[in-house]
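Undergrad: Please work from the sequences and hints to get the whole structure.
Chains S and Y are the protein sequences, given in the same order. Residue 0 is where the first sequence starts when you use numbering that gives the first Met the number 0, and the numbers rise one by one after that. Residue 0 is where the second sequence starts when you use numbering that gives the first Met the number 0, and the numbers rise one by one after that.
Just so you know, these hints were derived from the structure itself, not from any lab. Owing to the predicted nature of the structure, the values given are computational and were not obtained by experimental measurement. Mixed in with the good hints, there may be bad ones.
Said to hold, decoys possible - Some chain Y residues flagged as far from chain S (calculated, every beta-carbon gap over 10 Å):
| no. | residue |
| --- | --- |
| 1 | S28 |
| 2 | T45 |
| 3 | R48 |
| 4 | P54 |
| 5 | G55 |
| 6 | Q57 |
| 7 | T58 |
| 8 | T63 |
| 9 | Q77 |
| 10 | P78 |
| 11 | P80 |
| 12 | H98 |
Claimed, not checked - To list a few chain Y residues with every Cβ distance to chain S over 12 Å, as calculated:
| no. | residue |
| --- | --- |
| 13 | R31 |
| 14 | D36 |
| 15 | V46 |
| 16 | S49 |
| 17 | V50 |
| 18 | S51 |
| 19 | Q56 |
| 20 | S60 |
| 21 | T74 |
| 22 | G79 |
| 23 | A85 |
| 24 | Q93 |
| 25 | H94 |
| 26 | G95 |
| 27 | N130 |
| 28 | Q140 |
Unchecked claim - Partial selection, computed: residues in chain S whose CB lies under 7 Å from chain Y:
| no. | residue |
| --- | --- |
| 29 | A33 |
| 30 | E67 |
| 31 | D68 |
| 32 | E110 |
| 33 | R120 |
| 34 | L122 |
| 35 | M138 |
| 36 | A139 |
| 37 | A148 |
| 38 | Y149 |
| 39 | A151 |
| 40 | T152 |
Note that CB positions come from ideal geometry on N, CA and C, so glycine has one too.
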Amino acid sequence: MSTTPPGHGRPGRAAALLGAAAALSMVLAPAAQAVQRCGTDVDQAVFELEALKTELMVVATTCKGQNEDRYNAFVNRYRPALVESNRRLGQYFSRVHGRSGQRQNDIFITELANARSNQARQLGGDYCVRNAGLFEEVMALPAVTDLPAYAATKDLLSSGVTACPGGTPAAAAPARATRTRSSRAR
Amino acid sequence: MSATLRLLGGLALVAGLAGCAQEAAAPASTRRVFFADIQGQARGCTVPRSVSLTPGQQTESTMTLANDGGWCGITVSQPGPKPYDAGLLVQRPQHGRVHVRKVGDVTRVDYIPDARFAGTDAFTVRLVPGNPALRVAVTVQPGAASATAPAPAATPAATPARR
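TA: Dropping the structure here:
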């Protein structure tokens, strides 16, 4: 970083420019974007399940055919878990946003659907063949109670939308979040 | 008569060739590998070449990667080989995300570290069917996505939750 390219008359400025460029490239690199997580595993699981439900809905509406029946079968099998998760999602937004909680909830649901639809567009022709497999996976779970643990393996909140918007992000304060979890684990 | 013989000979030749073709062909997989699932691997991703899981038992494994925003994955499979039906996250990593996905004939268990994290982490997944578990101890080395904030605060933080 401190080395100066030969032939440059103003080494200090050149070095500063190089440093700024390097810093900018780190900021702009998509790989360097932080993915926000919730402060608690319970909240995180609620958002992951909502993302899975939305993803399956997008598969059904985009790919149609058998996928619409498969989506209905998914909802029928996991209805109690989905209802409970939806209730907790509403509670999260009420807790964090107070009276505007319902509106923030609606905004989140819309943004989530848009994010998953954008992902579908990016995958193009592969999307339906690839992501329709999610129905086979989710219906293969041995127990209805396995649904949150399955949703946690799908990494559906890493682009376009974040878990726990407006809340205290775990990823932004790793040391504090770790202490909280550690104390809970003891 | 000779035309009939020629026809029979031709049929026999075709049948023979078909037989050869069946013998030569390996049992080809019908499971596709999608480009979206093989791009974005982290630099320096080092994992065991082969991890064999046993139904109902937990297997320990390790993973080392540079934090450039990419994933590092361990591949496992059922006999065949064929991928597992699904994965379940039993223990969350403290400093990253887990993504379990089918890639052709195998299941790949990916870890993606948080931006700016370097240090150690761990997670456990369980697979369906058979309930084998895979516990992965991860070492994340500084990379492009961790260069802005070196690790001291985060490095030792991964272990307490496992006590």
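Undergrad: A separate judgement is required for each hint: does it hold in the structure or not?
TA: Against the structure, the hints:
1. S28: Holds, since 14 Å exceeds 10 Å.
2. T45: With a cut-off of 10 Å, T45 of chain Y remains clear of chain S, as the shortest Cβ separation is near 19 Å.
3. R48: The claim holds: R48 of chain Y sits with its nearest Cβ about 23 Å from chain S, beyond 10 Å.
4. P54: holds (13 Å)
5. G55: holds (13 Å)
6. Q57: Q57 of chain Y is indeed farther than 10 Å from all Cβ atoms of chain S, at 15 Å.
7. T58: Label holds. Min Cβ-Cβ 17 Å, cutoff 10 Å.
8. T63: holds (18 Å)
9. Q77: Q77 of chain Y is indeed farther than 10 Å from all Cβ atoms of chain S, at 12 Å.
10. P78: P78 of chain Y is indeed farther than 10 Å from all Cβ atoms of chain S, at 17 Å.
11. P80: The claim stands: P80 of chain Y keeps its Cβ more than 10 Å from every Cβ of chain S (closest is about 17 Å).
12. H98: Nearest chain S Cβ is 4 Å from H98 of chain Y, so the label is violated.
13. R31: violated (7 Å)
14. D36: violated (8 Å)
15. V46: holds (17 Å)
16. S49: The claim stands: S49 of chain Y keeps its Cβ more than 12 Å from every Cβ of chain S (closest is about 21 Å).
17. V50: Label holds. Min Cβ-Cβ 17 Å, cutoff 12 Å.
18. S51: About 20 Å separates S51 of chain Y from the closest Cβ of chain S, which puts it past 12 Å; holds.
19. Q56: The claim stands: Q56 of chain Y keeps its Cβ more than 12 Å from every Cβ of chain S (closest is about 17 Å).
20. S60: For S60 of chain Y, whose nearest Cβ neighbour in chain S is about 16 Å away, the distance exceeds 12 Å, so it holds.
21. T74: At about 15 Å from chain S, T74 of chain Y clears the 12 Å cut-off, so the statement holds.
22. G79: holds (16 Å)
23. A85: violated (4 Å)
24. Q93: violated (6 Å)
25. H94: violated (6 Å)
26. G95: violated (9 Å)
27. N130: N130 of chain Y not clear of chain S: closest Cβ-Cβ about 8 Å, inside 12 Å.
28. Q140: It holds; Q140 of chain Y is separated from chain S by about 14 Å at its closest Cβ, greater than 12 Å.
29. A33: With Cβ-Cβ at 4 Å, under 7 Å, it holds.
30. E67: violated (21 Å)
31. D68: violated (20 Å)
32. E110: violated (19 Å)
33. R120: violated (12 Å)
34. L122: This interface hint holds because 6 Å falls under the 7 Å limit.
35. M138: The hint is violated - M138 of chain S has no Cβ within 7 Å of chain Y, the shortest such distance being about 9 Å.
36. A139: holds (4 Å)
37. A148: Given a least distance of 4 Å, the restraint on A148 of chain S holds.
38. Y149: With a minimum Cβ separation of about 6 Å from chain Y (threshold 7 Å), the hint on Y149 of chain S holds.
39. A151: holds (4 Å)
40. T152: holds (4 Å)
Hint check: violations occur at hints 12, 13, 14, 23, 24, 25, 26, 27, 30, 31, 32, 33 and 35; the rest are consistent with the structure.
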